[in-house]
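Engineer: Residue-level listing of the chains:
Number of protein chains: 2
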Amino acid sequence: MIQIAVLGYGTVGSGVVEVINTNHASINKKAGEEINIKYVLDLRDFPGDPVQEKIVHDFDIILNDPEIRIIAEVMGGVEPAYTFTKKALLAGKSVCTSNKELVARHGPELLQIARERNINYLFEASCGGGIPIIRPLNSSLTADEIDEIAGILNGTTNYILTEMFEKGSDFEDVLKDAQNKGYAEKNPEADVEGYDACRKIAILSSLAFGEHVDFEEIYTEGITGITAADIQYVKKMGKTIKLLAYSRKVDESFYAMVAPEIVGANDPLYSVNGVFNAIFIHGNVLGDAMFYGSGAGKLPTASAVVADIVDEAKHLHRNIMSFWSSSKLQLTDISNSRKQFFVRVQGDPAADLEKVRGIFGEVEPIVLPELPGEFGFVTEEMSEADYAKKEELCGNVKNRIRIR
Amino acid sequence: MIQIAVLGYGTVGSGVVEVINTNHASINKKAGEEINIKYVLDLRDFPGDPVQEKIVHDFDIILNDPEIRIIAEVMGGVEPAYTFTKKALLAGKSVCTSNKELVARHGPELLQIARERNINYLFEASCGGGIPIIRPLNSSLTADEIDEIAGILNGTTNYILTEMFEKGSDFEDVLKDAQNKGYAEKNPEADVEGYDACRKIAILSSLAFGEHVDFEEIYTEGITGITAADIQYVKKMGKTIKLLAYSRKVDESFYAMVAPEIVGANDPLYSVNGVFNAIFIHGNVLGDAMFYGSGAGKLPTASAVVADIVDEAKHLHRNIMSFWSSSKLQLTDISNSRKQFFVRVQGDPAADLEKVRGIFGEVEPIVLPELPGEFGFVTEEMSEADYAKKEELCGNVKNRIRIR
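As you go down the protein sequences, you meet chains A and B in turn. Residue numbers for the first sequence, in my numbering: 25 to 428. Residue numbers for the second sequence, in my numbering: 25 to 428.
Simulated from the structure, these hints should not be mistaken for laboratory data. Worth double-checking, as some hints may not be accurate.
Stretch-level coverage of chain B by chain A, calculated; a stretch enters the list once three of its residues show a Cβ under 8 Å from a Cβ in chain A [unchecked claim]:
hint: 1; segment: 62–72
hint: 2; segment: 156–164
hint: 3; segment: 312–325
All figures in this text were calculated on a predicted structure; none of them were measured in a lab. From the three backbone atoms N, C-alpha and C, an ideal C-beta is built for every residue, glycine too.
Okay, chain A solo, but in the shape it has when bound (with noise of 0.2 Å):
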């Protein structure tokens, strides 16, 4: 019998209980043996709950049983699931967590330590919640050089744009709606800033590129500025908006971005809405893949942690390997970027096109009879310094959004 604890009776502690205890018959056979949950670490009480004989208050009761093996850290927030997950896994105790901040700031220290103790540190359920891509990119995209990850990596606000692109509603009210509705925080920032995915992102690209990315200096963009007018001009053009979180190997630099993006419709991207994720990867060999399903929720989210468990289980005293140095991956300054930008100017196209021109080029306008007094238009590509440089000389630009 392998002894687990849980460290968090919250949403996602409370279904990896209940996906150990639903599924725990095939769990113990793919995990070679039973694994057992004998405390839940909370600061609160559940009485009434059959958890409630297993909680525990005092972290150290777990730390100092030898009989605990494996830990699964769904806390959340950086303190104080770092002081503890640095504790247990330097007194021999796997761990594995859904905790994308811990993961993104301090990943490559906790490896370290999982790999000098031969044990394991393990984030599956970090990014992308249920759906499988941390090990993917671990143990089966070996065979090539990544130099393209894109993720929808937030469903808060794949949702929001989805729904915004279903009902052509504002940005204000489908938030007010999702929070009404659980799908969105109270504090929506840490979502529809694009904060959550600018961490995930860092995750993955670390994963991909082998050195460890900063989330700090990826440029990260919302969805706030995202209007009902921006989506009518892109549903006219067949297209939708995605908040995009995105890594890519240029020649030998690499460009890291949280933004939302124009998407078309031949791209599998396209397609993802609500509130499900995807991460699309493209390898040199391989070519395109896409992995695509739920991305976060209480069930998904702690089938990922429970499928690390049984993993650590079947690896006790091995490492895992991954490939994800302390050594910080240099990002090139995205105004050397290169997009196309959907650009939206203040004005009439029959007199104010032939000024854009002299700016942009020869662009087509868009424009729509709903939306008098301006009119859109697609550049050709060009680096972000070159579009800023030219938005400034324009002087009328409502709104841009880049295409993917």
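Given the structure of chain A, go ahead and fit chain B onto it with the hints provided.
Structural biologist: The following block gives chain B in isolation, referenced to the frame of chain A:
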């Protein structure tokens, strides 16, 4: 250094050599040791090709060389691949393969030999080309009880159906065109009759359900009966047709089938077009997931073979557990499987709808002005057996396609 041999220098075999040459630095890093191709077995010689110096014509040279630890069997077909693989495994050499015929027929036996010798028989490339699906099933989706797999597992038929859909052409014309372009073989039977997809879903189902699914027991229907007229109706319904290979657990019954089905626009499989493949999986805690990518082709398939070689290099003296026992999974006769059906009947709705409704209930006629003298309709959900009875009663059915 880990010495390997490649059996067969055809499309996939030459791809394996190319991938190992192209990405040797990153592959060696991920394998933890240098991987070197010592032999390539082929009946032919390749004068002028750098591989010529490694070509051998006698398998025993490979078998009797104690330096060879890993063999990539990419010959295809059951014999002599079966004999070579068995001998290699019995001699303690790990084998990886893209050979779906062999895996579907002798998988459990070969896995058992590998287990007993603490080596590995891996077959990521046998299903879905470069798409990581076997390893995720074995080591990522371990917290779940999988109750459905539905795959677009054959690139040739998906290309043909996509072309028929986009161009409105008939099956025979598109097939001829696909043969000219090299997307379909001169003898296309294995693809267009569904036999290839059948072997693949047998392998995936065996892994998902843990017991051996005999491909010869899977009901298999190809796409040769799909006409341009069928596609016109399906387009009008806002849907598409895909050749699906699926297995499903309903209560305690297991169903498996290969057949063209009508897929709606909200289904993630809807937009899997051209030669791409995808595998949809439903787990009882994960919910929906989908894996998408290049299902065939030299380099994508070789990418999966080489990923297996890397995994075997990391597990030279350890068996990677898989759950595919030799005990046979009892498939339920599909006559009990329940579906909705799209049906085309000869006749005039004004004159014949009453008779149809007497048999199929209150169905709504779908009439296409360009197809006079017939109409279509969608039935309620019913068993295959019930449908067959009603079709016979009706007497004037031109075609029927299941609806996913």
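Engineer: Could you tell me which of the hints above the structure violates, numbers in ascending order?
Structural biologist: Hint 1 is the one this structure does not satisfy, whereas the remaining hints hold.
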